[in-house]
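> These are the residues of each chain, in order.
There are 2 protein chains.
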Amino acid sequence: MPEISRKGANLPTSPIRKLAHQATLAKERGIDIYHLNIGQPDLPSPNSALEAIKTYKEKVIAYGPSEGTKSFREKLTNYYKRNNIHIQPTDILVTTGASEAIIMALDCITNEGDELIIPEPFYANYETFAAACGVKVVGIPASFESQFSLPYINTIEAAINSRTRALFICNPNNPSGYVYSKEELLALAKLAIKHDIFFIVDEVYREFLYDGATHTSVLELEGVSEHAILIDSMSKRYSMCGARIGCLITKNKEVIAAALKFAQSRLCPPTIALHACEAAIDEPAAYLENAIAAYKLRRETAIDCLRKIPNVELAVPKGAFYCLVRLPVSDSDHFAKWMLESFEDNKETLMVAPANGFFSGDKTGKDMIRIAFVLETKKLVRAIELLKLALDQYPNKLA
Amino acid sequence: MPEISRKGANLPTSPIRKLAHQATLAKERGIDIYHLNIGQPDLPSPNSALEAIKTYKEKVIAYGPSEGTKSFREKLTNYYKRNNIHIQPTDILVTTGASEAIIMALDCITNEGDELIIPEPFYANYETFAAACGVKVVGIPASFESQFSLPYINTIEAAINSRTRALFICNPNNPSGYVYSKEELLALAKLAIKHDIFFIVDEVYREFLYDGATHTSVLELEGVSEHAILIDSMSKRYSMCGARIGCLITKNKEVIAAALKFAQSRLCPPTIALHACEAAIDEPAAYLENAIAAYKLRRETAIDCLRKIPNVELAVPKGAFYCLVRLPVSDSDHFAKWMLESFEDNKETLMVAPANGFFSGDKTGKDMIRIAFVLETKKLVRAIELLKLALDQYPNKLA
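Chains as they are written, first to last, in this note's numbering: chain A, 594 to 992; chain B, 594 to 992.
For the record, the hints were derived by calculation from the structure and aren't laboratory data.
Incorrect hints may appear among the rest.
Since the list gives no way to pick out one identical chain from another, each pair is judged satisfied if it fits inside one copy or across any two copies.
Lysine-lysine pairs mimicking DSS-like chemistry, simulated, CA-CA at most 30 Å apart [to be verified]:
| no. | residue 1 | residue 2 |
| --- | --- | --- |
| 1 | K663 | K647 |
| 2 | K652 | K663 |
| 3 | K990 | K674 |
| 4 | K668 | K775 |
| 5 | K647 | K668 |
| 6 | K668 | K620 |
| 7 | K901 | K981 |
| 8 | K652 | K668 |
| 9 | K940 | K663 |
| 10 | K846 | K930 |
In isolation and in its complexed conformation, chain A is listed as follows (with noise of 0.2 Å):
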């Protein structure tokens, strides 16, 4: 039998992704799951979306532009000056998805065996696209006690070396819904221009800002823009995850000549959920707004409960819609296995992303799950009560 190559073999399995099994047999054995482990809004996508694809005219689902449609990118534009963002339409490749505009952006400036720098912890499949591209993810430890801010910046430099090209942030946070200052975003900037590397940000949480905390996107920034790539996605700002479309944003032209030729090998980003994404643009602010509001909602229901389960602690998320929660247990792994497996109230379970999967070390991030607030309250409060009910009868639970 032929061999795989080394990195298929050696791939971790997604985090959020690695129970699914579990949870097919808990769902086969009648018991209803509350999903906090996955990043899948249940608000509805906007209706000019959802009429664009009833009214969607065409006879034949053609191939579309490589770089997406010149109207698309226009509206973008504007959205991204409405957001004091200013770029071109040029400057914009539309994408199947943030994911594909990471691989992407990586296949551009990196080479076999280069590093990428990236506080931890981070978006697991950060390091599953890396290694697509046989490159290293460095991972600076943030701490939990200062809510995941920005390692000191001297420890990032000192990271730094001849096969480092990139500093790669995720900004609001995903797990940890930390939102980076703009010192924060300007040490880093700095570091980029004086090392000559890259510095990317994926910024598709940007609305999602709580507790009066503000974002400041990498191409507001002065100075960096031939060093800035941001990574955005019509995911989760119109609760459209399963549209795949993405961008990759960047003033370098290199970059950007060389990224549109990657994308014209796949030739396009899907045609009709670029169409119903296009009609998302136009939908008045009040969607955007609400859905806003609702996480604010969520995400104070979520701590409240959390606050009340003894031994729980957590780090308090200033934007996003994820929050890493510190339980009593050596392994969340086990324990996030064992709610689906062998727990239940009422015939109801819970699953969570075990955190370890956010981090690089084989043993950070054991005591921590990451929970996503993507219930409505009542589900949210009901999944959180679900959370303290399972530590209470889980065999190895801690002190």
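Take the given structure of chain A and dock chain B to it, following the hints.
Below, chain B alone, put in the same frame as chain A:
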């Protein structure tokens, strides 16, 4: 300014898309372009698919399973059964077009520096996908005179070395239209087994066969199931190129498990398009029969018209909807560009794919173009008339 990657800097531009800018300029000058450059069928997508879009009921366009929905994979399994290909739904990974299926296959089976053996000419994007994976394509020349049948098996075997990871063909072939015989497939399978390497076959044009040609799938061959990887797509079969739904199929459990991990990292194939494709599979057989009949007629029309142009030769296609045409020019890149920039007849011109991009050598194929017979016959007749007129006027015409 930070340096971009070697592969980003060195990627060739797709021969299908390289003249996109010139085409835009021609359109801005009021010129109508007949597109024979890209395999974008003009046939309507199936009614069932268009209807499924119009009646899409979900309120949340949500992530689907990373491997594709179970119902879609079950329907696909039945489709393959009708085509004498016996697989299980778990052997299928649904991808974002055949493009992603190929990228994932290469991610699963190659390490940086490995090699793929592909008879040439070949679909140009294979080279980009390989480059993205750090893999080298070794092209084995097939001959125009034999309509690009499989090169001598001894020549292919002589190219196999310790870095070779796979034999890779497209059957029916894009760009040549050649349909490999069962004997040719068996010879390749035997080599794959003997050297313990993979055998990848892109079968997206499976149904499009002419002059009594028959198609044998790699998954119909015995004894090679651990080595075989089938690439497929809904794009051509259902005239749904913009849907971006394809699949990777293999009975090799290690490959499918690794591919699933890559698939999980990019979350899922596009949800709405998958819903539409699922409906397309249920379309009555008449749809595909009519499509095949239309291509038969177009192919005959194209062959007849091309044969009437002096000093033009063609490799008669037995499948797919492409044809390689040898012209009395020494640089078909220049000729194709010239047609967009300096030629028009009654405000109309023609766009073709220069064939050099389908060969690995710098100079091979410079006297050829690829045309796609994806226009209705009347338009096709006019398009080939434009080719004749353009050749008459082309200042650099040979002989």
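> Broken hints, numbered, in rising order?
Of the numbered hints given earlier, the structure breaks just one, which is hint 3.
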